[in-house]
Amino acid sequence: MSSDNQSLVRKARSGSAEAFGELYAGIAADLYRFAVYQTSNPTLAEDAVSECVLQAFQNIAQLKNAARFRSWMFSILLNCCRKQQKEKALALHRVPADDIDVAAPQTLPTDEALDLRAALQTLDEAEREILLLSVVGGYSSKEIGTMLSMRAGAVRTRLSRTRAKLMEAISK
Amino acid sequence: MKKDQQNTDALQARFDEDRIELPASLSKDEVVEKIKAEEIKQTKKKKHVLPRVVAAAAAVAIVVTGVALVPKHRPVPTTPVPTTMAPDTTQGDPVDPPTQALALSHFDSDKAMQAYFMNQYDSVRLSNFRYHTKSADYVEDSAAPTMAYEQSTDVSFNAAGKETSAAGNYGETNTQVRGVDEADVVKNDGRFLYIVRSGDFVIVDTQTMQEVYHADIQPEDENKYYRFSEMYLFGDRMVLTATQWERPKAANGETEEPEVFYSMRYMPYGWGESQSVVLLFDVSDKTAPKLLRTVTQDGDVVSSRMVNGVLYVATRYYVNLNDKNTLKENYAPQVDGKRIGCEDVYLRDKDEDVSTYLVLTAWNTAQPDSKVEKLSMLTEADVVYCSTDTFYVLNSVFNWDDRTDIETDSTEIYAFAFSGTTLTLRATGIVPGIVENQYCIDQYGDALRITTTDYDYAKDVDISSLYVLNRDLKIIGKLKDIAPDEQVKSTRFMGNTAYVVTFRNTDPLFVIDLTVPEQPVIKGKVKLPGFSTYLHPITDTLLVGIGYDGSETDAIYDSVKLSLFDVSDPAQPKEVDTHVIKSASTSVERDPKAVVYDSERGILGLPFVYERWTPSGNFSDNKFIYKTVTIRDGQFADEQAYIHATNHREWFSLFRGTYIGDKVYTMTNTEVKEFDLASAELLRSVTLTEETTEPVGVPGVITYGETAVAN
Chain A
1 MSSDNQSLVR KARSGSAEAF GELYAGIAAD LYRFAVYQTS NPTLAEDAVS ECVLQAFQNI
61 AQLKNAARFR SWMFSILLNC CRKQQKEKAL ALHRVPADDI DVAAPQTLPT DEALDLRAAL
121 QTLDEAEREI LLLSVVGGYS SKEIGTMLSM RAGAVRTRLS RTRAKLMEAI SK
Chain B
1 MKKDQQNTDA LQARFDEDRI ELPASLSKDE VVEKIKAEEI KQTKKKKHVL PRVVAAAAAV
61 AIVVTGVALV PKHRPVPTTP VPTTMAPDTT QGDPVDPPTQ ALALSHFDSD KAMQAYFMNQ
121 YDSVRLSNFR YHTKSADYVE DSAAPTMAYE QSTDVSFNAA GKETSAAGNY GETNTQVRGV
181 DEADVVKNDG RFLYIVRSGD FVIVDTQTMQ EVYHADIQPE DENKYYRFSE MYLFGDRMVL
241 TATQWERPKA ANGETEEPEV FYSMRYMPYG WGESQSVVLL FDVSDKTAPK LLRTVTQDGD
301 VVSSRMVNGV LYVATRYYVN LNDKNTLKEN YAPQVDGKRI GCEDVYLRDK DEDVSTYLVL
361 TAWNTAQPDS KVEKLSMLTE ADVVYCSTDT FYVLNSVFNW DDRTDIETDS TEIYAFAFSG
421 TTLTLRATGI VPGIVENQYC IDQYGDALRI TTTDYDYAKD VDISSLYVLN RDLKIIGKLK
481 DIAPDEQVKS TRFMGNTAYV VTFRNTDPLF VIDLTVPEQP VIKGKVKLPG FSTYLHPITD
541 TLLVGIGYDG SETDAIYDSV KLSLFDVSDP AQPKEVDTHV IKSASTSVER DPKAVVYDSE
601 RGILGLPFVY ERWTPSGNFS DNKFIYKTVT IRDGQFADEQ AYIHATNHRE WFSLFRGTYI
661 GDKVYTMTNT EVKEFDLASA ELLRSVTLTE ETTEPVGVPG VITYGETAVA N
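Those sequence lines, one after another, are chains A and B. Residues in the first sequence are numbered from 1 upward in steps of one, following this note's numbering. Residues in the second sequence are numbered from 1 upward in steps of one, following this note's numbering.
Isolated chain B (complex conformation) (with noise of 0.2 Å):
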């Protein structure tokens, strides 16, 4: 990126030119005063106000055990045992360092798992948040036997995600895999649409165009509220994700904010409590939907899937290492009113200070008063994949050796395998370099593929993969550097098939073969301006990239463009039709789930937002306008716009859109609109309730939106 680089020098030059004088309020000595003052002000007013680091007392001993002497533990995934590498044919480079993966162990006693977290909070020790201080370890089984890897063939292919039904067909979550469902804030079943917003949600009858029902749900506890995030439908049943927050408390008629919350609000993302909740409803009476059961959840929710009706949902608990008296309780998660015991428990690391708990649990929604399973693990966690039998957790690792000062990028993987309710942590493995997006893993068969971008910190350049790996995610398989210096943007898996899209000037689309998990192979590639953010297949050889556009050098961002790839010859992928949208931006670039594709007729919807600016340089509003376009004979064809506002004065809003039969609907937070197909003309509409309004000052969630000054 040369031109990248002039902008940067430029611009920091410019910067530099510009001489900024701390003020004299700012100046060290004057901070100091202030901190001090501040300090008097609090002691005032509360007896407990900074948490103070205790001279470490006697080392709390924190005793680590395997299962085996256990026996009420779960079971902890063989580990790997490392492995004499075989020169690696596949790539000429250097092999990594073979060495052992995760030693999982438990803690011997709830007490040993509440002095785990005592003493992280009494240690003057400064341990690394998040941080390694030795070098990631692969796992690479090269010497595995051929033999020994079982390719399955009857692994249904995930292509289009979703089989539509026949007559009468309407638009579904765009899900990564068929059989496994994920939440949205927008469902449809055919006849109802059901939209999610912060404060609540509505149900709108598309038959007469009425919202049918309007819901302001509130916790028991009236200190609490909830703001709610997506939801699922399985059949009469609907789930409801939520986050539940306390409520700001009033005192002596001043609303003063508690203590927790202040701080909350000011503290880096994490660092706070939060509590998920999962509400199940009976919606076969959509104006009166009853309540079945509430689920709580300590943590905020990393993602969930739904298989068959059983609920899967993955939290990240912060363990709040603040406050010594509230430690004392909550070292550890709640599930359900219970607190997680040290049998549920994984340490990832027993030599490591983690205050982060992943926790995973699983739950029947069919019998609303089934048990809540529950399996958890001291480990961060970002992305999450997963298959029909396996809920797959990710997490990105920043290695520092801080006696090489080398630093790497890798991620780690969980493999939490589920049958019905049941979970069992099945396998971790370790890949180099960090996954763009759920979208990069693929379970196949026995097979794991995985794409990645690693940064080499020492040379300043990307490093582009592909690793397959087995059962026990061990690579047995692996694509190096699939183009130089370029990052992955999007992938897509096929069958044996990987399309992966990197991108550094231009956006070359490679198509990967897998046949042989030991040795993928790059069989074509075609080399574009822009890049696609997003794959969705059409048909087992057509394919749309949703992405930029791109001159000869970089990116356009302003736009959007429309790629159909023809890869009917995997050695020459072709791309066939463009459709560029110039000066918009559609939130399928973040959310794939907004993509909606009606497979019989071959329409791909998607919504496009035009903002508008004030000449001063202040957003003015946004048009929302939702396109459809026909993929037909290889082709796009019949582009229609559907004009859902023109002058929507909320910066950040929902906007989605989906299609019933011959209709289609747009739909923000406070209007839901009906047109034609085909001739695009609107036909009906109608204004939501006005949205539930949110407590004064909601904890950590400023949104940019509420910032934009209209006019």
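Bound-form chain A, shown alone (with noise of 0.2 Å):
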């Protein structure tokens, strides 16, 4: 990481949204990426890293490496994520389903994308994340083992299966 971001992190960390805001701009389109596949839903995914921007912003004095701004986000938003899911999975129990993603996103996603996505769903929520930490994210087993709190080798031989069995779903 450059120099430039290390003294934008000290800014941020002195209360500056804008230097905060030029940190989030580098990596803003990964993270919505993100959030758009681990909770397969534009609206929700919005709401994921609203949240997420606002906690770390408030916390970043707990970041204490400018290196690790990035991982550090990304730990923020799955959580973020997960929250915004755990509240989704709980309001289906009230809510027709029709009234919930209801936000049309921009450009309509292609079939092959669509599918993509199906297939991110057949998985479950742990290997979603690790995937998602991987292809998304372009974490190594290691960094994803701690983001997650779990050790590298376990990382990766849940990736490789995880991989194995996306293919499995999209190629159906």
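The hints are simulated quantities; they were obtained by calculation from the structure and are not laboratory data. Incorrect hints may appear among the rest.
Stated by the list, open to error - Okay, the calculated bits of chain A under chain B, using three or more residues with CB under 8 Å as the criterion: (1) 19-26; (2) 46-55; (3) 135-143.
Glycine included, every Cβ here is placed at the ideal spot set by N, Cα and C.
Please assemble the complex out of the two chains, which come individually in their own frames, going by the hints.
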């Protein structure tokens, strides 16, 4: 990470929303993609990223290593996604399914994209998280292990298993 | 893993094709506005909202001295002196750099300890979180004379873990070391079954098949509540471990979560404060257990053990650097209501900012009022292994050298010797690589044997190795790269032999002879598809491997494979029988305590879960089947299935089994069932009192099961 980022983190820590905005801009697209796949719902994804941003800014004093900004954000986002999904699951018992997914995406996803998203939903949540942290987040097994407090070996194993599972689901 | 690489590439391409546009509401400018708006809202609500980094005033000087100057401190283990390395004769590869092990020290005073954390709060220095800025230093003692290493022969070999009682035997917790008990969610005393659930615990009398006790124990402080984790039984005493949380507070009729509570829910693991609690009960009357004492220990439990009624609990306490006001008090963890003083705290590396305490306590549960002894070190902790005299804590460390950009993994070992409740930090050491689980560590005589997987970041290859350490935790023997580019999946040490399963495409079981600790030698191996994640000793010459089946190229993960290994000829280990359970999984993969083995009758019992999914891809329900298989004449025989539930709606639920005499008992959070061992016929069942519901907004625990939508 460049020294620019170091100083941005420092500024954000002393309360600069603009500095935080700069840091965020560099990873915004990845954060959102991750949330879309994780929650399989653009509205929930938007909420999760918003929540994540607010939480991160409020707690940025806890971020000790500027180089870890990106993975720190992903860790927070992961928890925010879990929370959104949990709330969705609870809401589903009360709200008719038609009322959910109201926000229309700007561009409609292709059939392939829809297949991919549907296939992701066949994975269990832990598998999906690991896979997305790897493919979308671009993290190594070690880094994912740190984020999820799992052993790197276990992450690698599950990743390989999940990839195979997902490939099978897509090619169906 | 060629196939895996193809999958990786194909998936990456697939994801890249899917162009997801960032919605306008998440653009940089919008987000900055949102943050500012939230700031104003928060400032109106509370005075102290954001913990701001104050420009570091005068740097706080931390004076660190060794034990010689401050006699009241606990002694620091002798720092190993760098040795001139003799050429490594065991292996052809270059010797790891010889340097000092951990330079342990103490804070001069509690004030200095407090200042250390206040300084971290104030510091604008961007120090590394769990990252070291130098390469790991391994201490090798190949120059040490062999004579100095005395091999003790009187240590009982920890093959089957437990002895089974003679007549009317019953399933006990599957422990690693004989004489060292491990906590579990289920305990069986030969008549009563004790089941810990997250909000309470129940006792079931198997004679009447009735729930005789259901506990709804709450802390004295009504703002708090317990979440129970595991238990021990020791004679008439029961020890329950729990975590204590604060209830969300209601203000003005609305439910408002306190700020700390709130941020804890979303912050990454280990950022909140939690308190561990040990509850000691007298269970001589099963219908009315008496709470004898409650001991609190800050931090969350890493692991615990019980040896002769003395309970050893290791917790990890994360100092909350978020709030300067609370930090003045909470810079050090409390044990039993008393803050740990500097004399009991070891500083691992005085140049590094560490905000985690490892706290180890010892307490004699036979004497409820006795003092809780404690010892602490500023460090992280991952894995615990405990012999009959030493509690080992292992800490995996990712090292990054910022000058060379070289990344390495290593594991630090802290040996806490104990005698009753007296705790002493005997030695510290470092080995390359990461330890998979507690079964990869074993103390035999004065030797500590460890298997690790090291990852070469530059070459992207795994290195599976075995290390032998002496009493001072110096490496005296090693076997590097047991199998090229394979990871250690499971290990079992039996006396002078190590059985190691590694995996990349197939599962080789290695037999490694450790008779000469300085020269571990591979005696033999057998290659098989799949791999075992747990090895259970049956006899001196038979082992059961529990894991995944496999094809020629990879493991098949939706099946469970039991392998029976005959290791009577170390040079030619043989897989003499296999048993594959298709489309199922077993919790043994993560938790070997789910294994029950009756050595008298040779019956092995395992819980199996069959998940079912709706056509739309949602979780539907679980089928819970307990299975037993008998090991007779070197073969698997008499498979039996005990069907506990066919449509259990909870995704992640406790499912265990055990036996008493000729009955098998299976249990989930909601029901206990009794079966005839031989015929698998369902005899009786009891529905348990509904679990005490959790308060709304339990922090940090968002279970997957809750998000599963039925139908």
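Hint check:
Here the stretch 19-26 of chain A counts 5 residues with a CB under 8 Å from a CB of chain B, which clears the bar of 3, and the coverage holds. Residue count for the stretch 46-55 of chain A with a Cβ under 8 Å from a Cβ of chain B: 8. That meets the three needed, and the coverage hint holds. Counting residues of the stretch 135-143 of chain A whose beta-carbon sits less than 8 Å from any beta-carbon of chain B gives 3, enough to reach three: the coverage restraint holds.
Figure legend: structure checked against the earlier numbered hints; every hint is met.
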